[in-house]
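In this note's numbering, the protein residues as written are 1 to 162.
Derived from the structure by calculation, the hints contain no laboratory data. There's no promise every hint is true.
[Claimed, not checked] Each pair of labels, with its calculated beta carbon distance range: (1) SER71 x GLU122: 13 to 21 Å; (2) GLU122 x SER83: 22 to 30 Å; (3) ASN135 x THR94: 20 to 28 Å.
Since the structure is predicted, the reported quantities are computational estimates derived from the model, not experimental observations. All C-beta atoms, glycine included, are put in the ideal place defined by N, C-alpha and C.
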Amino acid sequence: MTATRLSHALLIALAGSIALVGCKRDEEPVAVTPPADTTPAPMPTDPLPPPSSPVAATSVTIGNSAAADRSVAATSTFATSDSIIVSVRTDAATPADATIDAKLTYQDGQVAGQETATVRAEDAGVTNITFRNSNPWPAGRYNVDVTVNGQPVGMTQEIEVR
Numbered sequence: 001m002t003a004t005r006l007s008h009a010l011l012i013a014l015a016g017s018i019a020l021v022g023c024k025r026d027e028e029p030v031a032v033t034p035p036a037d038t039t040p041a042p043m044p045t046d047p048l049p050p051p052s053s054p055v056a057a058t059s060v061t062i063g064n065s066a067a068a069d070r071s072v073a074a075t076s077t078f079a080t081s082d083s084i085i086v087s088v089r090t091d092a093a094t095p096a097d098a099t100i101d102a103k104l105t106y107q108d109g110q111v112a113g114q115e116t117a118t119v120r121a122e123d124a125g126v127t128n129i130t131f132r133n134s135n136p137w138p139a140g141r142y143n144v145d146v147t148v149n150g151q152p153v154g155m156t157q158e159i160e161v162r
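Throw the hints in and build the complete structure from the sequences for me.
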């Protein structure tokens with residue numbers, strides 16, 4: 001009888017152990033939160049201004065004829081057979097080479113012409129860039145944009161060909 005009681009006790013202990021092991025649920029991993037970063041985020045910096053050019057455009061005039069002193073009478077309306085003259089007045093604190101670029105863009109965004117002049121700028125000066133078309137210019141609106149040494153002069157002008 002003692003053996004039976006001992007067998008029953010071992011059997012109950014074994015069943016309890018199995019029940020405990022079987023009922024043990026999977027433990028969820030403990031999430032470790034990294035410490036909060038206390039260093040402030042870097043402040044955004046303003047973009048650096050473009051390098052200052054020794055040559056600056058002071059005015060842009062568009063016309064269809066130039067006088068002997070290279071001045072151009074301003075007009076915004078052109079005939080289909082006219083030459084389009086872009087006159088760029090520049091100023092240089094010290095003598096320097098400059099690349100002046102003029103671009104003529106038709107109303108649909110198509111580039112109708114682009115001309116470049118390389119000049120030696122000394123004090124105040126005028127550079128004329130002429131656009132000619134062997135065929136009549138298509139009627140419509142055009143934008144004229146000028147850059148000096150790759151920097152836009154910020155004087156986009158609109159003209160009309162009739």
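Against the structure, the hints come out as follows:
{"no.": "1", "hint": "SER71 x GLU122: 13 to 21 Å", "result": "holds (18 Å)"}
{"no.": "2", "hint": "GLU122 x SER83: 22 to 30 Å", "result": "holds (27 Å)"}
{"no.": "3", "hint": "ASN135 x THR94: 20 to 28 Å", "result": "violated (43 Å)"}
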